[in-house]
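Novice: Okay, here's what each chain looks like letter by letter:
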Amino acid sequence: MMRADLDHGVASRHITLLETLDRVLNRGVVVAGDLTISVADVDLIFVGLRLLLSSVETARGFHLTQEAPGGTRESATKNRQPAVSPSGMI
Amino acid sequence: MQSHYIYGVVESQRHPLAPDIRGLGGMPVYLIPWRTLAALVSDAPTEGYPADPAHATCHAAVVEAAMEGGPILPVRFGTLLGGTRRVISMLEEHSTAFEESLQRLRGRVEMGLKVLWEAGVAPPVEDHLPSDLDPSAGPGRRYLFQRLGEEQTSEAIRVRGEGLIQSIQTALDPLTEASTLRRFATPRLLLDAAYLVSRERLDMFCQGVERLEERGSGLRYLLSGPWPPYSFAHPLPSGAAMTLSDTQTPRWS
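Chains as they are written, first to last, in my numbering: chain A, 1 to 90; chain B, 1 to 253.
For the record, the hints were derived by calculation from the structure and aren't laboratory data. The reader is advised that the hints may include incorrect statements.
[As the list claims (entries may be wrong)] Some, not all, of what chain B presents toward chain A, calculated at C-beta under 10 angstroms: (1) S3; (2) I6; (3) Y49; (4) P50; (5) A60; (6) R76; (7) R86; (8) I88; (9) S95; (10) E110; (11) Y143; (12) F145; (13) G149; (14) A194; (15) S198; (16) G225.
Where a beta carbon is used, it is the ideal one built from N, C-alpha and C, also for glycine.
Please construct the entire structure, taking both the sequences and the accompanying hints into account.
Specialist: This is how it looks when you write it as structure tokens:
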């Protein structure tokens, strides 16, 4: 499984990190351990994801998916990074 | 007695983990087997490790590396078991559910999809007043009309959003084996979904998302993956329906 390193800047790396944290901290099998490291910040992680999406949505260069004629589009199929617009901003 | 930090449950008969994979605290990762199952663990101090992005990322990397060599049920971050005997009794206690889950997840991956929409953001409140409102209408009447306008707008938004979600599901359901959905998580986040996809159909699934992107409809698609199946690892008690949060609607084929 390739972890493609798309050159799209800090925003996409942040989203990937938050997606990773969301899965590792919020999902997966819950096993009754002898000790469970309490993650008080789990809700904050998800809130952080929402906040990040908000900042990303309002960033300059936010494009809807209808591309102008002649524009190229990148789709993050099979890549770890989420899809980005050709401007490089998510 | 040695504490073990657990990353996941795997089959005992599987490809070994790459020897250079390191777990939390830089510790080697290894299997504690019991019959056909094994716990993927590393030795840990009794008090464990802080819950921070570095440790969580390390945990995720171990799970991802393990997925290369066979199916894995990812375990949530932060679980320590004291002693080998405890690990084995944990495997034994849940063996049926673990074996069923591993079979169900063999050769499958998780794909994440977040769908953003501008139309989900309601227009400013001034826009809710009807254009033919009597200019001499008092503040009470204006307030009521404003509230009515807001209600109708948010209802219209929700109806439109539900329709868009339905068309996304119609397009992707045939390409997936299961899904979990969070609808309207934020005003702009129309859909936050995880899909269980077989590796053989992964290309088709990604093409399906591309086709949705081509439709436009004012939607933005953020696709991520493939992930280990964090969202689908919980064992289903046989014959029982899955318990859900009220915002999640998994579908099992």
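Novice: Hints first: check each against the structure and report whether it holds.
Specialist: The hints, checked one at a time:
1. Given hint, S3 of chain B at the interface with chain A, holds; its Cβ is 7 angstroms from that chain's nearest Cβ, closer than 10 angstroms.
2. Interface restraint check: I6 of chain B against chain A, minimum CB-CB distance 6 angstroms, threshold 10 angstroms, status holds.
3. A cut of 10 angstroms between beta carbons decides the hint on Y49 of chain B: the least distance to chain A is about 7 angstroms, and the hint holds.
4. Using the Cβ-Cβ criterion of 10 angstroms, the hint placing P50 of chain B at the interface with chain A is satisfied: the shortest such distance is roughly 8 angstroms.
5. Given the 10 angstroms rule on beta carbons, the hint for A60 of chain B holds: about 5 angstroms separates it from the nearest Cβ of chain A.
6. At a threshold of 10 angstroms, the smallest CB-CB gap from R76 of chain B to chain A is about 4 angstroms, leaving the interface hint in force.
7. Nearest Cβ of chain A to the Cβ of R86 of chain B: about 6 angstroms, under the 10 angstroms cut. The hint holds.
8. At its closest, the beta carbon of I88 of chain B sits 13 angstroms from a beta carbon of chain A; the interface hint therefore is violated under the 10 angstroms criterion.
9. With a cut of 10 angstroms, the hint placing S95 of chain B at the interface with chain A is violated, because the nearest CB-to-CB distance is about 13 angstroms.
10. Interface restraint check: E110 of chain B against chain A, minimum CB-CB distance 8 angstroms, threshold 10 angstroms, status holds.
11. This hint is violated: Y143 of chain B has a C-beta 29 angstroms from the nearest C-beta of chain A, more than the 10 angstroms allowed.
12. Look at F145 of chain B: its Cβ only gets to about 30 angstroms from chain A, farther than 10 angstroms, so that hint breaks.
13. Interface hint status for G149 of chain B: violated, as the beta-carbon distance to the closest one in chain A is roughly 25 angstroms, over 10 angstroms.
14. Because the smallest distance between the Cβ of A194 of chain B and any Cβ of chain A comes to about 8 angstroms, under 10 angstroms, the interface hint for this residue holds.
15. At about 14 angstroms, the closest approach between the beta carbon of S198 of chain B and any beta carbon in chain A exceeds 10 angstroms, and the interface hint on this residue is violated.
16. For G225 of chain B, the shortest C-beta to C-beta distance to chain A is roughly 7 angstroms, which falls under 10 angstroms, so the interface hint holds.
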